[in-house]
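J.: These are the residues of each chain, in order.
There are 2 protein chains.
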Amino acid sequence: METPFHFELLAQDGAARAGIFHTPHGAIETPIFAPVGTQATVKAVTPAQLAETGATLVLSNTYHLYLRPGADLVAEMGGLHRFMQWPHPMLTDSGGFQVFSLAQMRKIDEDGVTFKSHIDGSLHRFTPEKSIEIQEKLGADIIMAFDECAPSYDRAYNERAMARTHAWLLRCQQAHTRPDQALFGIVQGGVFPDLRRESAQFVAGLDLPGCAIGGLSVGESKAEMYAMLELVTPLLPTNKPRYLMGVGTVEDLVQGIGRGVDIFDCVLPTRLARHQAAMTRSGRLNMMNAGFAHDPRPIEEGCTCYTCQHFSRAYLRHLIVAKEMLAATLLSIHNIHLLETLVQQARQAIIEGRYAAFAQQAFAALGEAK
Amino acid sequence: METPFHFELLAQDGAARAGIFHTPHGAIETPIFAPVGTQATVKAVTPAQLAETGATLVLSNTYHLYLRPGADLVAEMGGLHRFMQWPHPMLTDSGGFQVFSLAQMRKIDEDGVTFKSHIDGSLHRFTPEKSIEIQEKLGADIIMAFDECAPSYDRAYNERAMARTHAWLLRCQQAHTRPDQALFGIVQGGVFPDLRRESAQFVAGLDLPGCAIGGLSVGESKAEMYAMLELVTPLLPTNKPRYLMGVGTVEDLVQGIGRGVDIFDCVLPTRLARHQAAMTRSGRLNMMNAGFAHDPRPIEEGCTCYTCQHFSRAYLRHLIVAKEMLAATLLSIHNIHLLETLVQQARQAIIEGRYAAFAQQAFAALGEAK
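From first to last, the protein sequence lines are chains A and B.
First residue of the first sequence? That's 7 in this note's numbering, and the numbers climb one at a time after it.
First residue of the second sequence? That's 7 in this note's numbering, and the numbers climb one at a time after it.
Everything labelled a hint here was simulated from the structure, so no lab data went into it.
Honestly, I wouldn't trust all of these hints.
For identical chains, the list gives no copy identity; a pair is met inside one copy or between any two copies.
Unchecked claim - Below are the BS3-like pairs computed for lysine-lysine, each with C-alpha atoms no more than 25 Å apart in a straight line: (1) Lys136 <-> Lys113; (2) Lys136 <-> Lys122; (3) Lys329 <-> Lys122; (4) Lys329 <-> Lys49; (5) Lys228 <-> Lys329; (6) Lys49 <-> Lys228.
Okay, chain A solo, but in the shape it has when bound:
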């Protein structure tokens, strides 16, 4: 089958990789961080502002869009890219994670999941086929297989969930029809090395255009997450992008890239922004802090984002104290820009064969702040 998807591996430095993932809506230079636009909008920023942060790939949530405004409406409006006016690459998740974490009264069986909407309590059912059908209507470039993310430490649950995730992946592959969408499979297995290994081998064997690693950053320790990454990524195809789902701290991005991850997504930068926190290379700043009241400096000296190029900490604190919406916008711009700049610099370091030094420097900056 002719495919518009192609991953060019440009450089490797240890396990870290720099590449280009080609999609129908343009090339994604990896490693990349994807901000999250849950309800077809990255909260508090316009697409124009988002593009200025350096973001290329944006994730949107199938569960939320299915409930509101509905996949048919999005399709009728020309698909997600056009609806939300993001002309660059997009990714939708399968809805699985939200069904298991947000929806009420869920009932799982081998065929799928029945759940109640967190919005109005109405009854719905997702199956692998239904998830793919919705994602095909939404029309993102990258779509995800419907999976089950089990509690990290429950061995028996993880065994069942992994088996189900694999069976569902085969059904997603069967159901998937649009050649302009890349279906990624998801590796599960909790914190159990043998399960993770089995799952990675299973997903790797299907020759999908990309592989995701799910069920991490959901309660296990950082050491366990890194150990699972070290175990999983070597088992995945080198000529396909690897996507670590739901990860978005500076430390985890640098650690993940160092272990061969190419794509990340997380609500963290925008969620923190709405809770008055600015992300920096050396940690987080609570911009509500009275110590910033008279501070004429930007959030981070040298930062090239719109926020830091224009506004003082004193102004940002004023906006927060005065409950002005602009605070969330300006902090979102800064936080996303921070992560995009981080992955761009990581990419350059990989290309120049100095990723270990880059990572060491990043950890040192974080350490100094502690």
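Use these hints to put chain B onto chain A, whose structure you have.
T.: Chain B only, in chain A's frame:
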């Protein structure tokens, strides 16, 4: 005294005027509409987005900034232009209107007003001298005399308030020291022709760089407002800008311009935006309306604002239903752009000597929608 303020009257068409008001932060092409940035931010938009709407002059509120973050802090941060990053002309009101409308437990005497903050109930006192002192710290290009706006129909109250307003204007003139700020006096007098006439003559006699008309659009009928404008503007100097305070509907702008007003301000476009309403040349649209759920059209066909150039009514409705902040941003951009485009077109019509036809067309568009 050398002054950086100078009003060039470029064209007159009936009573309507096209001009340029020169200020230390650039030229204001009149007629102009000033959006309101109450707390040193035009709610939900960045300065970059605001500039794109065509706005040049922005109003900020002395009462709010005095209470939070405080005039000294704004001064310490380099003044209001720098603090909120609006490099174009700015105007501050005197705080009078807010003290009389927002503050609690106010006590007025001939010297000034004592009031309690609406934020924390703390006790404060504004006098004409204090208002000027605060406005000099804030540093806007245009500052306003401290006045008292009386209930439209109370004759006795309006007589007292007008006398006080005139006495306070003289004190403001005395107190004012910064040559890079233009102090405007305010005409009061409610709906009483003789009081309005007396007030206009008094303010006109002081040779101030500009004259404002206050106490309108505060409860009187439209016919009364227009009658007062017709009576007042011919008494004001032709070589100084005239500012009608707190007016911002399409109809009132067209009527006001037709009666010789050069400057307007109002919270309306941004307040409506936060209440899901889009302004159009033919009236208002409640974007929450279910009828827009599947509507692929922009708010207004032919509108060149960022919102209409990109987003459908269906998307805007989705954002509103999903309670996304972006809705307020996109609607604010559209609504401000609508009024800026209106005054720009009015200006062109005046220059070309066809303002009556322009106004007739504007009223017809509004009439058709009824």
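J.: Next step is simple, just say for each hint if it's right about the structure.
T.: Against the structure, the hints come out as follows:
1. Taking identical chains as interchangeable, the C-alpha atoms of Lys136 and Lys113 lie at most 25 Å apart only when both belong to the same chain, with a minimum of 16 Å there against 67 Å between chains.
2. In this assembly of identical chains, Lys136 and Lys122 lie within 25 Å of each other by CA distance solely inside one copy; the values are 16 Å within and 59 Å between copies.
3. Proximity of Lys329 and Lys122 under a CA criterion of 25 Å is satisfied inter-copy only: 20 Å between copies versus 34 Å inside one chain copy.
4. Proximity of Lys329 to Lys49 under the C-alpha cut-off of 25 Å is found in both arrangements, the shortest distances being 16 Å within a copy and 10 Å between copies.
5. For the identical chains of this complex, Lys228 and Lys329 are neighbours neither inside a copy (35 Å) nor across copies (34 Å), given an alpha-carbon limit of 25 Å.
6. For a Cα distance limit of 25 Å, the shortest separation of Lys49 from Lys228 qualifies neither inside one copy, at 28 Å, nor across copies, at 40 Å.
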